[in-house]
Every structure is written in C-alpha cells, then in structure tokens.
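Next come the chains, spelled out residue by residue.
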Amino acid sequence: MAEVIWGMATSHVPSIGAAMDRGLTKDPCWSPLFDGYAPARQWLADHTPNVAIVIYNDHANGVDIDVVPTFAIGTAERYRVADEGFGRRPVPEVIGAPELSLHLVQSLVDDGFDMTVFQELDVDHGFTVPLSVWTPDPGEAWPCPVIPILVNVIQYPQPTAARCFALGQAIGRAIDRFDGVDTIGILGTGGMSHQLAGPRAGFINSTFDHMFLDAIENDPRRLAAMTREDYIRDAGSEGLELIMWLVMRGAMNARVRKVHSTYYVPASNTAAALAVFDNRTAAPA
Amino acid sequence: MAPPVAPPTLKDVADLQGRYVFDGATSRLGYRMNKLFMTLREAAAREAFLADEAAYCDRFALSEAHKRAVLDRDWQAMLELGGSIFCFYKLAMLDGLSMQYLGGVFTGMSEEDFVAAMRAGGRADG
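Heads up: the sequence lines are chains G and W, in that order.
Per the working numbering, residue 158 is the first one in the first sequence, and the count goes up by one each step.
Per the working numbering, residue 68 is the first one in the second sequence, and the count goes up by one each step.
Treat the hints loosely; a few may be bogus.
Said to hold, decoys possible - Derived DEER-like restraints, expressed as beta-carbon distance ranges: (1) G:A382 / W:E178: 20 to 28 Å; (2) G:R437 / W:S177: 44 to 52 Å; (3) G:D371 / W:R135: 47 to 55 Å; (4) W:R135 / G:R437: 57 to 65 Å; (5) W:E120 / G:E277: 26 to 34 Å; (6) G:S188 / W:E114: 51 to 59 Å; (7) G:R437 / W:D141: 51 to 59 Å; (8) W:D139 / G:I252: 23 to 31 Å; (9) G:T273 / W:Q143: 27 to 35 Å; (10) W:A132 / G:E277: 33 to 41 Å; (11) W:L138 / G:N375: 47 to 55 Å; (12) G:T273 / W:E109: 34 to 42 Å; (13) G:D371 / W:D90: 45 to 53 Å; (14) G:D339 / W:D162: 45 to 53 Å.
As the list claims (entries may be wrong) - To give a feel for the contact side, a few chain W residues facing chain G, derived at Cβ under 8 Å: (15) F89; (16) M105; (17) R108; (18) L138; (19) R140; (20) L148; (21) C154; (22) K157; (23) L161; (24) M166; (25) Q167; (26) Y168; (27) A184; (28) M185; (29) R186; (30) G189.
Derived by calculation from the structure, the hints in this document are not laboratory data.
Positions of the beta carbon are idealized from the N, C-alpha and C atoms, including for glycine.
Next up, chain G with everything else stripped away, as it sits in the complex:
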C-alpha cells in the first residue's frame, strides 16, 4: 500500500523559475519570497518520497489549443522540459513513473474520472517551477520520479472546485491500492489571486488568499463548495488556478499538519504562496 506522506501547494509563476535560473533570488524584490521558502525546503529535503505527483495546468506550451482536456495524466517514462518561446529552462528532464501512472488511469476511470492520457508531453513552467520551489538545486536529476496530472484552468468552463476535490479523493483511493512504491508526495500548483488580461489586470486579493491558505488546511470542503464564478470574482480569472490545490488536498487525510507556509506579493503579476502539509499526523514526524 502506497501512502501520501506530504502535500505541497505552491504558485507556479514563470518568473519564480526565471529568478532562480538567472541567480536573482537575493535581489530585494525576490529575496522575501525565497527566504520564505527555506524552512519548507529543509523539511522536504528530509522527506523525499519514492514518487511525486504534480497537479498543474499547461499554459498553451506543451499542449496545443486544438484539444482542451479537462483532466489528463501523463504515462510516459520521461517528460521533456517545454520550450515556451525562449528556450528550455536549464533544469533536468523529468523521469516519470509509468507503472503508477497506468494504475492511476485504470483506477480513476473505474472511479468515474474519464482521464485523457498523454503518452508524450513537454512540461511547462506550471510543472517545472513547483519542482524548483521544492528543490532549488536538483543537479542532474529531480529528487524522484514525477507524474503530471493536468487540469484545464485556461478555458472556461473549467472543472468545478468540487470535482477537483473529488478527483483528489479518487487519487487518494488509487494510491491506497498501489503496492509498487511506499511513499508519495503530491503537489497542487497555481494561484494565488491574479488576473493577467483585461481592465482588472494586476488584481490581487490578499484577504481571499489568506482565507484560502487557512481553509485548504482546515476546511477544504468550504473551498470545494465555491463556484468557478466565485473563484473568478474573488481570486481573478487566473487565480482560479487555486482549484488545483483542492486536487492535492483531496488526496490527503481529513486532518493534516501544516509544516510551513509563506505568502508574498508580487511574483510579477501574481500573489505567490507556498504551503507544505504533513499527511502523517498520527505517526512521529
């Protein structure tokens, strides 16, 4: 029986990766964000799982716009880092975990989630920035194999928050039934409040963000009950990405223990946060 040992929620703003790639993490505009990551990174370095699952969205980079899968999963042995128009990020290629991916596909489809399957996929900043937030200096390889799970958040109607939470619960049940590995980390990415286009560009709602940071730990069902229109109104058209944190949270236990969280404005046009939760509240840390 595999077990989710931790969940990590993080913004995946491309400029966070760019700041790391360009050595700007000590810059006064960036250092509060990266200083805020430090305690979480230290804890995560001591709790490396056998496999990680990253819940993210592609931003019209690895997936063309002619197909818009609502929920999708990668089943490949490897995933290339996408060229988003300015070359590939200088980070390691991603090693997959196809045996667990295929188990998840079978289990999720049997559980009522008709996943789209990517047998080949270039992963963009939505995927690689969270890995960098977790592991700033990966060297030749990321800490473990990683499985991408994609959620459409860029074209309305996105899946509901409730459906995302339910998908996470189904992922949790599938992991319970898998014997191939022992420990799994799950990452929910995107957010926090932001809007890129239109007259409301630059929108930030820190009151909503702090409510969300507390509720994702203590009352995720409240967040799952919100409509996508609530998210667009309160967090912005792109802040709606926060529904992907609910996939992570759904795969975890009802009670989790917060290891560390941090919040900073701005990462370019976005409110950025990181929150790490220990899923083994009953066991010694």
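Knowing the structure of chain G, use the given hints to seat chain W on it.
Coordinates of chain W only, in the frame set by chain G:
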C-alpha cells in the same frame, strides 16, 4: 449522482463582465490567430513570421481585423478578438515585452507604474 455544485445563473455570468473570461465562444473567435501564436514556439517559425508578418498572417487565413491587430501590436484588440493571453504572450515575448508591459496596456498605465502598483500590493478590484 447529482452535480456537486449548481450551474451558474445568468446573474453569476453577468457579474463576471469586465473580469475577462476566456470561454468557448471567445476561443472560437480567436482560434486561427491563437493557432498562429502557438507556432511561435519554434525558432524557425519565429524567423518566418518576422521576415514577412502579413504573409504569415495570410497563411493562417486571419480576418482583416485579426491581421491588423497582430501587425499593429494592438494587444487590446487581440484580446477583444478572442486572443488567449497565453497565446499572444508568445508574440509579446518575441517583441521583448513582459507581462507587466501588457498589464500596463490593459489598464492604461506605463509598465513602470504597473510594476510599482504590483510591488505596492497589487490593484484592488475595479
């Protein structure tokens, strides 16, 4: 199994006006233009585009309005004509422009003022 959340009411959707939502109809309106932008992920396509932008637009059968918006770098028009921010950002990057620059365009601010507003905690709801 009943849907977990009630579908949005007309009032919900009306409330979102001005908050720019890239929906299915918007995606249809801008589809060919967005397909053009997607090709800019390839270096060879970027060179071909810059060599003859009008001819490149014609290859994708853009309407006159779409073509004019692209050639004039009219970002607001691209948005109104169904452009996806994630797609036309590839054109902005090709021009050496940032997301903060585009934020300034959409809000009638200079890039510097937009960046300053973000560093001051972001813009409140309009």
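Checked hints:
1. G:A382 / W:E178: 20 to 28 Å: 39 Å, violated
2. G:R437 / W:S177: 44 to 52 Å: 50 Å, holds
3. G:D371 / W:R135: 47 to 55 Å: This hint holds: roughly 48 Å between Cβ atoms.
4. W:R135 / G:R437: 57 to 65 Å: 59 Å, holds
5. W:E120 / G:E277: 26 to 34 Å: 31 Å, holds
6. G:S188 / W:E114: 51 to 59 Å: Distance hint for S188 (chain G), E114 (chain W) is violated at roughly 38 Å.
7. G:R437 / W:D141: 51 to 59 Å: Between R437 (chain G) and D141 (chain W), where Cβ atoms are some 54 Å apart, the hint holds.
8. W:D139 / G:I252: 23 to 31 Å: Violated, since D139 (chain W) and I252 (chain G) (Cβ atoms, about 45 Å apart) do not stay within the stated range.
9. G:T273 / W:Q143: 27 to 35 Å: 34 Å, holds
10. W:A132 / G:E277: 33 to 41 Å: 36 Å, holds
11. W:L138 / G:N375: 47 to 55 Å: This hint holds: roughly 52 Å between Cβ atoms.
12. G:T273 / W:E109: 34 to 42 Å: 24 Å, violated
13. G:D371 / W:D90: 45 to 53 Å: For D371 (chain G) and D90 (chain W) the Cβ distance comes to about 31 Å; the hint is violated.
14. G:D339 / W:D162: 45 to 53 Å: 50 Å, holds
15. F89: This interface hint holds because 6 Å falls under the 8 Å limit.
16. M105: 6 Å, holds
17. R108: 5 Å, holds
18. L138: For L138 (chain W), the interface hint is violated, since the closest Cβ of chain G sits about 19 Å away, which is over 8 Å.
19. R140: Check failed: Cβ of R140 (chain W) comes no nearer than 15 Å to chain G, outside 8 Å.
20. L148: This hint is violated: L148 (chain W) lies away from chain G, its Cβ roughly 13 Å from the closest one there, beyond 8 Å.
21. C154: 5 Å, holds
22. K157: Result: holds, 5 Å to nearest chain G Cβ.
23. L161: Since the shortest Cβ distance to chain G is 7 Å, the answer is holds.
24. M166: Status holds, d = 6 Å.
25. Q167: 6 Å, holds
26. Y168: Hint violated; Y168 (chain W) Cβ to chain G Cβ min 11 Å, cut 8 Å.
27. A184: 6 Å, holds
28. M185: 4 Å, holds
29. R186: Holds - the Cβ of R186 (chain W) comes within 8 Å of chain G, reaching about 6 Å at its closest.
30. G189: Holds: closest Cβ of chain G sits about 3 Å from G189 (chain W), inside 8 Å.
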